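A.B. asks: Residue strings, one per chain:
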Amino acid sequence: MKGGLIGAVIAREWRTRVFKRSFLLGTLLMPLVSVGFIALTVVLSRSSDTRNLVLVEDMPGLITRLDAESGQFVPRCPGCFPERENHAYHFVREAPADSVWQADGYTALVEFDESVLQNKAGYVVYKSSPGMQAKRWMERDLSRAMEHAKVLSSTELNWEAYQRLKFDLNLVDREVSEEGRRTRGGGEEVRGFVGFIFSALLFLVLAVYGGLIMRSVVEEKSNRVVEVLIAAVRPEELLLGKVIGMGAVALTQIVAWCVLSTAGFSAFQFVFDSGMLSGSGVPGPGEVPADLLTVMAENEATSILLDIDWPLMAISTILYFVGGYLLYGSLYAAIGSSVQSEQEGQGMVFPLTMPLLFAYVFGIQAMENPDMVAFDWLSWFPLTSPVIMLIRVAVGVPLWELGLSIALLLLTARGVLWIAGRAYRHGVLAGDAQTGWKLIWQWMRGHGG
Amino acid sequence: MTHALRIAQLEKTFGSQRVLDGVSFDVPKGSIMGLLGPNGAGKSTLIRSIMGIVEPDAGTIELSGQPWSRERVRSIGYLPEERGLYRDMKVGEQAVYFARLKGMDRTDAIGALKSWFERLEVEGWWDKKVSDISKGMAQKIQFICTVVHGPELLILDEPLSGFDPINARRIVDEVRALAASGTTILLSTHDMPSVERLCDSVVLLNRGQVVLSGGADDLRESGWSGEQEVVFRGNDIAFTNALGTLAHLDGIEADAVAGTRKAAIRLRDSEQPGQVLQALGSAVDILEFVKVRPTMESLFIQAVERAGTPTPTAS
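Protein chains in written order, with our numbering: chain A, 5 to 453; chain B, 15 to 329.
These are computed hints drawn from the structure, not numbers from a lab. Keep in mind the model is a prediction, meaning the values are calculated, not measured. Note that CB positions come from ideal geometry on N, CA and C, so glycine has one too. Don't take every hint at face value.
In silico DMTMM-like pairs for lysine to aspartate or glutamate, Cα to Cα no more than 20 angstroms straight-line [unchecked claim]:
id: 1; chain 1: A; residue 1: Lys24; chain 2: B; residue 2: Asp146
id: 2; chain 1: A; residue 1: Lys24; chain 2: B; residue 2: Glu107
id: 3; chain 1: B; residue 1: Lys142; chain 2: B; residue 2: Glu107
id: 4; chain 1: A; residue 1: Lys24; chain 2: B; residue 2: Asp102
One side only, chain B facing chain A, incomplete, derived with CB under 10 angstroms [to be verified]:
id: 5; residue: Arg62
id: 6; residue: Arg84
id: 7; residue: Val87
id: 8; residue: Tyr92
id: 9; residue: Pro94
id: 10; residue: Glu95
id: 11; residue: Glu96
id: 12; residue: Arg97
id: 13; residue: Gly98
id: 14; residue: Tyr100
id: 15; residue: Arg114
id: 16; residue: Gly117
id: 17; residue: Val144
id: 18; residue: Ile147
id: 19; residue: Gln156
id: 20; residue: Ile180
Chain B with its partners taken away, still in its complex shape (with noise of 0.2 angstroms):
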């Protein structure tokens, strides 16, 4: 399988901190990597390393099956966490500046702009000074010019930080076709709802080592531990008696309005979904039976948690 972002046993250190310790991964091509990590576990590090902005001291960066360079990384598009616009520049004429700066010409840049400008509503805006709009409308212009020269990887370090909810959702639709159109996308978030509505799979890295990797529904498959959750009409004492010593009840809680009863229950480890669920449907009437897989942050928070020894120096 190509890749198009493949990262092998990267380092770096500042002064006599480790921020990137032997990090590995791949980035499947067409698909979306979340990249995961508590503050100060090396992704701006390793986001910079691979935009070239740091250079890192050992291991070694493909993109798209190819060794690192200066003029594959010019077509990567790249939203950072820490980003502005000039203020003094009119919307449009800086927007065509930076598309210039990833390689476009002028007439190629305007045309694809004023595309994106009427795509994200924003069309209106081309000729207002930036100091003049809105931080939700300035977001906005931000995303169109890493996105405008359509790049086949797009790194994205936080990108629905400052959005309403509305327009948040607009840019993961809009994240979701680049993704659709076979944009590979790495996206650095600490939103994890955003994560699993959006991610194939994720790398999580904590104190410069990735701790946790994998496709996103193979880690919360292999995180779950047997909750389930049961919605039901009947008797509680009925219900409980009837699971007896098959699973554990963490707890009943009712639906006055539905007239419905939902239990939160976790299987013992040896025992299989569908022997429970009979021996519950002898005794209530089973409405659903779902299998409750962690959220990312659980997982999240566990591995961080599961991981968290020294810092790791530099010998």
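So that you can see chain A by itself, here it is in the shape it has in the complex (with noise of 0.2 angstroms):
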């Protein structure tokens, strides 16, 4: 009978907030943004909404030859200069004046001399800027035909054995751990910092959330409804059931957020794969084949997502926030419980919200050194360990000091939900204007009426 009243607490936390229009948008709103901000990135940094047409102005013959059939200066390494949908050059000995070739259609002339081959610059010019993605292609492209031409005048050499010749080492991080086991390493930073956008979003949500289950302990007072209520269900399991009602609101959230984004993500892969959207299609030869992971893995402000420990970030972050909702919700309740209106709640608010501050400004120090002691041991202390914690995880953790963190966690959040429920149970009831820390201090004692 407990629990399905309990059941009914919570069935109604969730129901009047849930099925509100500003939670749908906010639900909407925030996959929207992520997976918008990750498609806008990769669709700029492929400037695939305007075609590029390149004329290159190879005064010194370096690397074009005349083609007797078409009478057309061509490359003398097609393969150097593959084809793109919306990139593609022309060769000439000398350009026009810039207004003619601009008039012919050319977004960009690219000029350079025998000065080239040693001071390794050259000049790209253009009315309005062709964008990075065509600079690194132009840039790639030319470098590749200058070695041809390099390699071509070598007698030592051959264009087919030096690219056999050729290596280009990549290293990739592996970290010993504590157990003497290989791990995935390097890229803290970069890792530390997605860490850091879980601590922070987790920071928001408990703060958000333990604010809605502060307003809606005011509105039962204000409203009278209290009374009835604890009539037919003890304060401590009204609290339970409120904050965990609420809770089940946020998680809610999250759960279509990671789904929302996921289906999101899964789309824009779909149709930037396919080659929907324009420039990112079929590759030309020797070019690598453009799907979106490895977009994204070249492109610098997306590769950092393809770096993380997904479940064990997503496991840790519900842990989390499991944790420190309890714990902080509980507390919020009990201000609530305490104050007459929401504006008295939020003076008494300040001083919790502080660890949780300080955690937040912590983890941006410790984003960028997160071998700080001083790191681990927030790691472990509940009240900052929701926020700090997520950071460790990214960055990498040992499974035996998380468990601890985590355990204490759930451990304290127990204990406050219980010497909450107390001061709950006396303020929830109080009808006088008398607040304070202080009055919440004896009411948790089990003193006051």
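Both chains are given apart, each in its own frame, so use the hints to dock them into the complex.
C.D. replies: Here it is as structure tokens:
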């Protein structure tokens, strides 16, 4: 029966909030913004919406030759200039005046002379910038063509042999763990940043939903529903139902964000990989296939997303959310029960947000230097661990430390919930205007009317 | 006789203020008992103690002959004085929620609520938000939420506040009907006419102590101090002369329309009404000779004034 009553309280809290327009809007907006950010970054980096026709002025004739059949200058190394949907080259020995080549439809002119082989510099002339991606393509394609020219000019080398011998070393990070096992390593700053994003989100969720609990308790006091409720449900049970109900709302939102973001990302990936977006289609000869993950990996802003242990992050986030939420939510509820209005409650909430705020600010420091000793301690301390430990999880943390931190958090949360229940029981029926932390402390100790 | 509620030596102190000081009384099954008392007498603390909202320092509470338990309390229908509804919730959804807190399952709750909504003619408001309905309508919804689970014991704290006279009468009728069907009712109110209309017995608290208790009729009867109302046709002087020293004359009023006179008299302690009636009948034409019992309001005021002792404090 008791479970049924708490269940009814949980269901009411959940239903009245989840079906609100503001909740639905917030739930849809977040994945839309995050997927939109990734999509925009990728699409913009590809500069796929403009067609680049580049005129290359090869005055010394280093990389081009005259094709007798067509009468046109063509690259000596055709494979160095892969075909791309929105990016093409045309080669000349001598370019016309700027106004003329622009009038002919070229978007950029690349010019260099004999000195290019020594000082490795040329010019790209344009009226409007062709974009970062196009510039990178031009640099890469022309560099390879120059390499080709240099190899051909050497009597000791040939292009095919050079291609075979060319060697790019890729150092993949591996860290030796405390247990002596090798784990994925390196990129600490990058992964720390992602952990920080998660901890900042958790900080936000704890503060926002804690505030919502407080508002809900104040509302029940002011609309005088609470006496009917407490006649049916113990104050401690009502508090538990309220905290869990509101937590379920938050969890619903988090899960919805994850599902919608994944679905949105997959949809974008499908559209991108199928080539429906211009500039992302079939790769030309010698070009790396332009699937989304490859493009993201090449992009500095998006590559960090691929370097995370997502399952561990997800599980840790949920556990720290549950523990942190029970801990802070019950304290917010105790404050709500001791005040007569939301404004009054806001003034009392500040000391409660201090540990969270401190953890958040410390997290910014820790992101850059995850080896600080204080970082370990704060990641175990229950008032700061929900925010701090997620950064360590992203960077890499021994499982026993993670387990200890979560166990400490959950035990503390259970204790605080019990103590807050006592304060709530006294406070929720107190009709006078007397408020303050001293009074809450008295109630927690079981004193007072 | 089985009692729906038995309170014995209940005590509660807040700080240095003793709010309940050895309160004891029984509420017989199927009866309506009025719980009266001036503001601050301890009525709300007593009710909250019964409902388990406040924990008494001493004393016992029995429900249907069994020791107090939270499970038994959940079956009580409780309409507190300080009451309200969630403004953002729909009326029907909210009523189902309260019924579920009283242990009903969803299907039963909806069925019983629909029936009550029809009975009190609020069925059109099921899907409306509470913020869209009037105060009187909200009061009806609260009453329904209190009784929907068919409680054996109903505790109503000022149930008629906020109702217009027509709807107040409606609620009084419903309370009567519930009592007739066997529900025991503890009615806390300052509305003395409703106490006279509804209550079988009353208990009057003052400063945490029971200062008056018993059957409503018995109390009014025992509080009678000889007041009679006499309607007659005839001469005032003849009436006064006939009354002589048998009774004290408080005054005579004329009813010009009916052409009658109405006198208020108070019998001497030792006199019998029959003797007075006989003496008056020989002088004037007596139309009515009615015993005027004290109102609950006057009994209330008298008892409180009698008990006007300093506030007891905890030792």
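A.B. asks: Take the hints in turn and mark each one as holding or not.
C.D. replies: So, going through the hints one by one against the coordinates:
| no. | hint | verdict |
| --- | --- | --- |
| 1 | A:Lys24 / B:Asp146 | holds, 17 angstroms |
| 2 | A:Lys24 / B:Glu107 | holds, 15 angstroms |
| 3 | B:Lys142 / B:Glu107 | holds, 10 angstroms |
| 4 | A:Lys24 / B:Asp102 | holds, 10 angstroms |
| 5 | Arg62 | holds, 8 angstroms |
| 6 | Arg84 | holds, 7 angstroms |
| 7 | Val87 | holds, 7 angstroms |
| 8 | Tyr92 | holds, 5 angstroms |
| 9 | Pro94 | holds, 4 angstroms |
| 10 | Glu95 | holds, 9 angstroms |
| 11 | Glu96 | holds, 5 angstroms |
| 12 | Arg97 | holds, 5 angstroms |
| 13 | Gly98 | holds, 4 angstroms |
| 14 | Tyr100 | holds, 6 angstroms |
| 15 | Arg114 | holds, 4 angstroms |
| 16 | Gly117 | holds, 7 angstroms |
| 17 | Val144 | holds, 9 angstroms |
| 18 | Ile147 | violated, 14 angstroms |
| 19 | Gln156 | holds, 8 angstroms |
| 20 | Ile180 | violated, 25 angstroms |
Hints 18, 20 from the list above are not met by this structure, while the remaining hints are.
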